[in-house]
Amino acid sequence: MAVVNISWNTSQSGVSSGGWVISDNGNGAGTRLRFNLERSSNCGGSNSSTQSGTATATIIPGPNYDMSVALAGRGEAQDPGFEAITLSVSGPEISGVIYTAAAAGGNQGCGTAPVTITQNQPGPFYLPAGTTNTLTVNFTTRDSLYHDESCFYQVDLSFVAVDPPTNIQYFRANDDSPSTTITRGDPCTLTYETLWNGQTSAYTASIDQGIGDVTLIPGCTIDSGTIPLVPAPTTDITYRLSITGSTGPLTQDVSIIVEAPDDEPDQFTFASIINAELSQEYESDEITISGLAVCQDAFATNGATFSINGGAYSSTTRTVCDGDTIRLKMVSSATNATLKTTVMTVGATSAPWNITTKSLGNNVPNPFEFIDVIDAPILSYVESNTVTITGITGDTSVTAPSNTEFESRINDGISWGAWSNGAKSMFNGQQIQLRVFTSDILGDAKTTTITVGDGAAEEWSVTNVTVADDNPDFFDFLDKINQPADSLVESEYVTITGINVPTNIVCSNPLAEIIIFDPISGATTLYGPSTTVINNQQVKIRLRSSPDPGGEVNTNVTIGNSVLTSLSDIWRVFTTTAGDIIPNAFYFVDKTDQPPSTYISSNTVLISGITSPSPIAITNGEFRINGGSWITSSNINNGETLQLRILTAPTLSTPKTMSITIG
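With numbering that gives the first Met the number 0 applied, the sequence shown covers 0 to 662.
Derived by calculation from the structure, the hints in this document are not laboratory data.
All values derive from a computational prediction rather than experimental measurement.
Cβ coordinates follow ideal geometry from the N, Cα and C atoms, glycine included.
Treat the hints with caution; some may be incorrect.
As a list, the in silico SDA-like pairs of lysine to any residue whose alpha-carbon atoms are at most 20 Å apart [stated by the list, open to error]:
1. Lys328 with Tyr312
2. Lys539 with Asp592
3. Lys655 with Asp592
4. Lys357 with Thr389
5. Lys590 with Glu512
6. Lys445 with Ala467
7. Lys479 with Glu512
8. Lys655 with Asn119
9. Lys655 with Thr99
10. Lys655 with Gly80
11. Lys328 with Ala311
Restraint ranges, calculated between C-beta atoms of paired labels, are given here [what the hints assert, rightly or not]:
12. Ser45 with Asn4: 31 to 39 Å
13. Phe516 with Tyr202: 48 to 56 Å
14. Thr324 with Ala231: 25 to 33 Å
15. Glu458 with Thr268: 24 to 32 Å
16. Thr246 with Phe516: 23 to 31 Å
17. Thr53 with Pro595: 55 to 63 Å
18. Ile630 with Ser567: 33 to 41 Å
19. Glu382 with Gln208: 54 to 62 Å
20. Asp443 with Thr496: 16 to 24 Å
Full structure from sequences and hints, please.
As structure tokens, then:
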């Protein structure tokens, strides 16, 4: 046993000669704490008060301690539970009441009897080195009746120094666990730590897959280490860290997932050339290859040549790597209004480059019109009406929009082409459309012109709304039910419409988070409980669910810049009730005047309030479920009945107690 000196701070009331007594039980000063009672006036004494007291002490262990507790005492034999003492601990490993002793009762007036002792938490109780652990002892008689000076309530403490428990703080690959993903050829490093509360917890430590005892690796210790994997894995593999310590062996795995290098570059494009001269050699714009992990073959079709990183032009297949630049050369058609196309291929990605020769002239389309737009929403794409071009012959040029903020696209009769602000070409009967992304300024106007063939420039204008509208259309965040406890839960996305200015969105719950997806940029952004939203953005809310089965958390989501224009909706998250093993309160009626050495059965109680089978722990007796056989261990389900049985003491007037715990 370790010698630990404890200093108690005590207070008491309702006593004169009685109360707290602090002594050494052989394990150090203050290891025994006792409360002595005084005789009540109704039993011939002079004390007519409720007798009570509180004692507190703080223990900061040098080494790690296992603390053991022994309670003893003698109390009133009239009413059970009126005299009671509790011992509680507040520390990093233990929290709450650990022991209780109470008067046994028995309707014996001013008589006394041994107290009933209950251990509320399993011992011994671990106190880590250097941590603050506060012990609190509370005693009370609860009334002024049936108390005797021979009664006392006593707490004895003892301590044993122990090693810390076996612990793996972490085992990671590239600082990730339980797995990490690398590209074949990338480096990978294992790291580990086995300390517990800053103390060595491992006796031995090793890693499989040929690594072995970590203490034999330079720079590594039993406590922590960094192990570069040389060579790095080329296939998926799992490493296991195995340690032994004071509480037995412990293992932890980390997996490395190896992916093949990326052989497909990002999509690239070349700007088309229109109104080209006949049989003239043209050079494309320069593009940069990206998104390529390994070098790939590159080639061009239809007689085109290409240059890599500004080098010589050639039509032969060559190797291109990530970051390289490519430029094409090709001779235009020898006839008017003719399209010539080459396809540039790098690995698995291809892109065309078009050269269209100029028409013969006088290629004027029939009149067409783009209808101006007013009251356009801010920060939004606005598209023009669709125009069908007639009256032209052959492949006809379409100029780039004069305002580069605008884009155009062509429908070739099968599908729409991509939006871009570059020049294009089209044939008779095909369609054209314009679009622009509006600014955030009320009343702002944007204008552009385009020209088809040899016709006149056609203008299109877009003017923003002039009056702010921050009153959104109705929205509804659907409640989430049967969610796991103490977990982050997200609502479904809701598209916000009906506003034309940036508008406040606020959650009443300060722990709520707002997630906004912008369909224009494709970006998803996480905010706190408040931010702003614009029209057509998508919003979802995130909350941490209640830790209690069947619990609820909620937040009121309000969108609007003023009280008069705001709209609100309450979003709720309900935790599933599955897995609740703590029953509603139940009670067994004590029995007196029972014959000795006889099995005595309790009243039958109905167990309710649980949703999963709940374990039963019992001491000093037996129980049965639904009137079945008498047993000492089992699980019980909701709606089943429970009855206790105990064998009385062999001598008269001797109490016997059993205890039962469910869940």
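Hint check results:
1. Lys328 with Tyr312: holds, 8 Å
2. Lys539 with Asp592: violated, 67 Å
3. Lys655 with Asp592: Roughly 12 Å separates the two Cα atoms, so the pair holds.
4. Lys357 with Thr389: holds, 18 Å
5. Lys590 with Glu512: violated, 57 Å
6. Lys445 with Ala467: Roughly 19 Å separates the two Cα atoms, so the pair holds.
7. Lys479 with Glu512: holds, 16 Å
8. Lys655 with Asn119: Status holds; Cα separation ~19 Å.
9. Lys655 with Thr99: holds, 17 Å
10. Lys655 with Gly80: holds, 15 Å
11. Lys328 with Ala311: At roughly 11 Å apart (the allowed maximum being 20 Å), Ala311 and Lys328 satisfy the hint.
12. Ser45 with Asn4: 31 to 39 Å: holds, 36 Å
13. Phe516 with Tyr202: 48 to 56 Å: holds, 52 Å
14. Thr324 with Ala231: 25 to 33 Å: Distance hint for Thr324, Ala231 holds at roughly 31 Å.
15. Glu458 with Thr268: 24 to 32 Å: For Glu458 and Thr268 the Cβ distance comes to about 28 Å; the hint holds.
16. Thr246 with Phe516: 23 to 31 Å: For Phe516 against Thr246, whose Cβ atoms are near 48 Å apart, the range 23 to 31 Å is violated.
17. Thr53 with Pro595: 55 to 63 Å: This hint is violated: roughly 40 Å between Cβ atoms.
18. Ile630 with Ser567: 33 to 41 Å: violated, 56 Å
19. Glu382 with Gln208: 54 to 62 Å: Distance hint for Glu382, Gln208 holds at roughly 59 Å.
20. Asp443 with Thr496: 16 to 24 Å: Once the Cβ atoms are compared, 21 Å apart, the range 16 to 24 Å for Thr496 and Asp443 holds.
Comparing the model with each numbered hint stated earlier shows that hints 2, 5, 16, 17, 18 do not hold.
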